[in-house]
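One-letter residues, chain by chain:
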Amino acid sequence: MVGARGIGALAVLLLSALPAHAALVRAAVAANFTKVATELAARFQAATGNEVRLSFGATGALYAQITQGAPFDALLSADDRRTATAIAEGLGVPGTEFTYAVGRLALYSPLFDLTDGEAVLRAGDFQHIAIADPKTAPYGAAAMAMLEKFGLTEGAAPRIVTGESISQALAFVESGSAELGLVALSQVVDKPATQIWLVPPENYPAIRQNAVLLKAGETNEAARAFLDYLRGDAAIAVIKAAGYTLE
Amino acid sequence: MPTLAEIASPIALTAALASVTTILLLLIGTPIAWWLARTKVRWREPVAALVALPLVLPPTVIGFYLLIALGPYGPGGALASLWGARTLAFSFEGLVIGSIAYSLPFMVQPLRVAFEALGEEPIEAAATLGAGPWQTFARVAAPLARTGFFTGAILTFAHTVGEFGVVLMIGGNIPGETKVLSIAIYDLVERGDWASAHWLSLGMVVFAFVVVSAMMLIDRRYGRVTG
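Going down the list, the sequences are from chains A and B.
When we follow numbering that gives the first Met the number 0, the leftmost residue of the first sequence carries the number 0, and every step to the right adds one.
When we follow numbering that gives the first Met the number 0, the leftmost residue of the second sequence carries the number 0, and every step to the right adds one.
Among the hints, erroneous ones may be present.
What the simulated footprint calls covered on chain A by chain B, stretch by stretch (three residues with Cβ under 8 Å from a Cβ of chain B suffice, anywhere in the stretch; the number is not a length) [what the hints assert, rightly or not]:
1) 31-45
2) 162-173
3) 193-206
Computed Cβ-Cβ distance ranges for the label pairs, DEER-style [stated by the list, open to error]:
4) B:V211 / A:A192: 48 to 58 Å
5) A:A87 / B:V209: 34 to 44 Å
6) A:P157 / B:A11: 33 to 43 Å
7) A:E50 / B:G164: 40 to 50 Å
By construction, these hints were calculated from the structure, which means they are not laboratory data.
Note that the structure is predicted; figures quoted are calculated from it, not measured.
Backbone N, C-alpha and C define an ideal beta-carbon position, used for all residues, glycine too.
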């Protein structure tokens with residue numbers, strides 16, 4: 000039942016959606032979240048009239064820019080380390096950090112039948128496997144942890160090629176130069192099921208992707224609204240459909 | 000301060016890449032520049048424009064095309080299959096091919112200018128004295144155009160050392176194989192090790208200063224002899 004209060008709230012919501020109130024949200028977004036963030040930003044924009052400007056990149060590169068005063072209101076990191084560091088270093092607003100998605104690692108290849116991906120990895124019948132830089136990208140670190148757990152690190156080491164971000168790791172596979180890639184499920188969620196093998200999550204540390212409001216956006220109500228929107232049911236449904244989990 | 004072992008490999012690799020590229024480009028660039036300087040055909044300028052393209056194109060465009068060309072569905076993959084590999088990407092050989100494409104104008108342009116500055120006279124004089132085309136080139140044209148060779152070689156070497164975008168796109172960041180200095184610095188900045196990044200970057204600044212100074216010295220000392 001929609002009562003008088005409901006209608007009143009609706010009116011406020013509609014009023015706040017008027018262009019006169021339109022504000023700009025500048026968000027730095029981890030490369031693996033590119034597709035979802037674009038969709039969520041469009042939905043948020045349609046619902047509120049606030050413009051969201053997204054800058055994509057490797058989390059490490061984005062964070063380096065933020066420490067030097069890059070004009071971002073919010074950071075959607077690929078890990079939970081950079082957001083914590085941001086708060087510790089006074090660049091993030093305390094109490095605004097939350098997990099917006101938990102990433103899933105996937106083995107991907109357009110060349111192999113990956114129904115049993117572990118067997119393909121163990122057979123080792125490939126020349127190059129692409130991963131993201133394990134020192135900077137959480138998916139790269141997860142990939143290394145997983146290879147370690149399977150005892151494949153030594154055999155795979157000379158065949159590992161590193162992309163500066165998870166997007167580049169995928170580009171190496173798409174170009175055909177690397178036969179296999181350990182990438183984010185979200186990047187390959189549209190591919191045929193036989194080309195993807197979902198790495199069982201117990202084989203790598205959880206990839207918690209955290210968001211945080213940055214100091215530059217502390218007084219930007221639209222930025223807070225965007226972060227709230229990311230935690231809402233509508234956004235969560237989109238995020239889950241895109242290949243992430245959320246507990 | 001970074002340990003010696005950490006920086007020795009990217010420095011050695013960068014020096015090797017720049018040296019190999021410079022030597023190969025001297026061999027490839029000289030006939031191209033000679034032809035561009037001497038020919039009268041109408042499609043000379045389109046060819047010159049083609050050679051100069053890397054000056055204008057973003058490294059991402061060159062890197063993107065190279066990634067495809069070096070891969071299993073391009074000519075690079077066909078070449079690589081001769082020794083059982085699938086791709087030339089992610090290899091030192093691949094970086095050399097990329098660097099040659101990327102630095103071609105830096106070799107050809109100064110050489111062409113030097114060859115054109117010779118004019119017809121010394122070449123006709125050599126021919127009159129009975130010198131064949133090879134002899135004319137080796138004993139008359141090349142010594143007179145030495146500024147062009149110095150400039151081209153230094154520019155090519157320096158430009159290859161300074162290469163980043165192309166290597167980033169086709170290299171795969173393999174230590175000892177494709178992880179050159181510029182990539183190593185980018186890596187250090189990304190992972191927050193700014194102290195090491197500072198040391199390597201400072202080294203690059205010093206190197207660049209030495210190169211530019213050397214260029215100016217050569218220009219002052221020899222520029223007027225041939226120019």
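Hints, one by one, checked against the model:
no. : hint                        : result
1   : 31-45                       : violated (count 0)
2   : 162-173                     : holds (count 5)
3   : 193-206                     : violated (count 0)
4   : B:V211 / A:A192: 48 to 58 Å : 56 Å, holds
5   : A:A87 / B:V209: 34 to 44 Å  : 41 Å, holds
6   : A:P157 / B:A11: 33 to 43 Å  : 19 Å, violated
7   : A:E50 / B:G164: 40 to 50 Å  : 30 Å, violated
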